[in-house]
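Peer 1: Listed below are the residues making up each chain.
There are 2 protein chains.
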Amino acid sequence: MDFLTNEKLTIVGAAGMIGSNMAQTALMMKLTPNICLYDPFGPALEGVAEEMFHCAFEGVNITYTTDIQEAFEGTSYLVSSGGAARKAGMTREDLLKGNAEIAAQLGKDIRQYCPDVKHVVIVFNPADITGLVTMLYAGIEPSKLSTLAALDSTRLRSELAKYFGISPDKVKNCRTYGGHGEQMAVYASTASVNGEALDKMIESGKIPSQDWVDLKLRVVQGGKNIIDLRGRSSFQSPSYISISMIAAAMGGTPFTWPSGTYVNNDKFQHIMMAMETVIDKNGVHYKMPKGSAAEDAELATSYGHLCKLRDEVIEMGIIPAIAKWDTLNPHM
Amino acid sequence: MDFLTNEKLTIVGAAGMIGSNMAQTALMMKLTPNICLYDPFGPALEGVAEEMFHCAFEGVNITYTTDIQEAFEGTSYLVSSGGAARKAGMTREDLLKGNAEIAAQLGKDIRQYCPDVKHVVIVFNPADITGLVTMLYAGIEPSKLSTLAALDSTRLRSELAKYFGISPDKVKNCRTYGGHGEQMAVYASTASVNGEALDKMIESGKIPSQDWVDLKLRVVQGGKNIIDLRGRSSFQSPSYISISMIAAAMGGTPFTWPSGTYVNNDKFQHIMMAMETVIDKNGVHYKMPKGSAAEDAELATSYGHLCKLRDEVIEMGIIPAIAKWDTLNPHM
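Chains L and G, in that order, are what the protein sequence lines are. If you use numbering that gives the first Met the number 0, the first sequence corresponds to residues 0 to 331, in order. If you use numbering that gives the first Met the number 0, the second sequence corresponds to residues 0 to 331, in order.
Identical copies look the same in the list; a pair holds intra-copy or inter-copy alike.
As a list, the in silico EDC-like pairs of lysine to aspartate or glutamate whose alpha-carbon atoms are at most 16 Å apart:
hint, residue 1, residue 2
1, K169, E57
2, K223, E45
3, K161, E45
4, K107, E69
5, K289, D265
6, K171, E57
7, K171, D198
8, K280, E140
The hints are simulated quantities; they were obtained by calculation from the structure and are not laboratory data. The structure presented is a predicted model; accordingly, all values stated were derived computationally and were not measured.
Use the sequences and the hints to build the structure in full.
Peer 2: Below, the structure is given as structure tokens:
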């Protein structure tokens, strides 16, 4: 069999809709023959494992457990969708406290049971915050943890394709940066449509400015739209994209959509957010986005919003003040 | 891109849990760049399409429609999970009437809009009956339609692996034939466990006979067990397996688990049921199972049960008496 690696992959939250799809996606992508499904909800977890057994994949060792130690020990790759789900009407930020606490425990468990993990992908929202909290408590290097942010960029691609009635393949290099939330920064200057620069199309009125404003709103509310249409949170695209991120970290096709990554430079400090990233076998690494003055200002606003969320989590006592972070994680 | 074919695949029931997983599975397996999602429930269908767009698959043309003509015209491959779902406590047979009527309409739509379809896979239960009804009204040759039955065999593999605490890969050639329902015939004589013939293990008491009876019951109730554990019908394994069947018909890896197929020979007449089948680019073809006298008797019982269901559907007026079938489908 042609797996990307033989190392253990653990899927946290495997009983849920995203987690169970991740399991199937990872098996279909032939990431590794060693897949462990973890969830505290035993019966539903067993149901998911049964579904995978009934697919009759060959050459794989699928295990499942509600025991965190058993799940995490020996794990090289870990992906977690194990937070509370966003319900209709909630913003991602409403989930802040509960999921930040879950992230803190996840980080502690990683530190205790699999400190040598090679890459962690965090999916549960607000992922910029849960990823940051996880990394802090796990004590791992910034290159070893990324968060799901790409859906905003893929939604921009999809919305532009629909707007112009063309194949999404004709829409290139769509990018949103900053928070994976309602205050993301949608960049026009990176993208092209049918070979034409998107920002020029907006300037020239090929996309009337109100249409562009409306389109950006549809991008920002892409997740809410799925809930409205399907009556449930998006789960297929988050699963597929996050497993593609893990595949890249295992040495598969590099993942080049923006991912959330830890940033601490002269412009943005002590934050996790979507940058111009690549995930490959060396983990996640980033370049600073470069856009128009207005776009960069929007990114700064998004950063400010994330800082506020981070500071709320500090005030809640879930993570210590920034000055004390290095006692938990010397890499931050 | 390396697709199996460029021909159009239509997924019927794409807004549902099985159908939406089929869409993702077909895209991940690179079956064809031309995938059409059909469902009468527009908003949920759009939600599924959006999920697929947000995955950002490349080189594919994903369309979706609530218009049956648009969905079916030009379709070479069709897979349908578009029936009513089985609810907790229902047997597959409880669904008989409603889904037989849906199948009759599906067959008529195939005849009207895509009579040259190359292969159809029917997933909605009771699939032996819905497949038969669809084939009758579609007017297509028996090699061109198969029904999902393999899950019973893969469940036997899984249950044996769990019983002996070994990898499912050590359990070979598990087979259940006849109905994909609670009266399936579970064969022991085809299978081996760790290289040892299963029927011999039962005879010698390596599996105590009560354990074998219990194990067979778990196989038969495998679908019910998923509902009990997960609180929802199985959807991942039916999707994965049925898309594997379509992939085989497109010329991919031949599908060698038992599938439901039309049978009309000296032993079994005018029925659709799981046989020893292969699906390949020539469609589905079968050999008669050969088991012990007791197993073959069990298969005859399963056949009898299916005949009864078929005759009920005739009595309901959904399909004509067998003597008149050739006016609808000369191949039957």
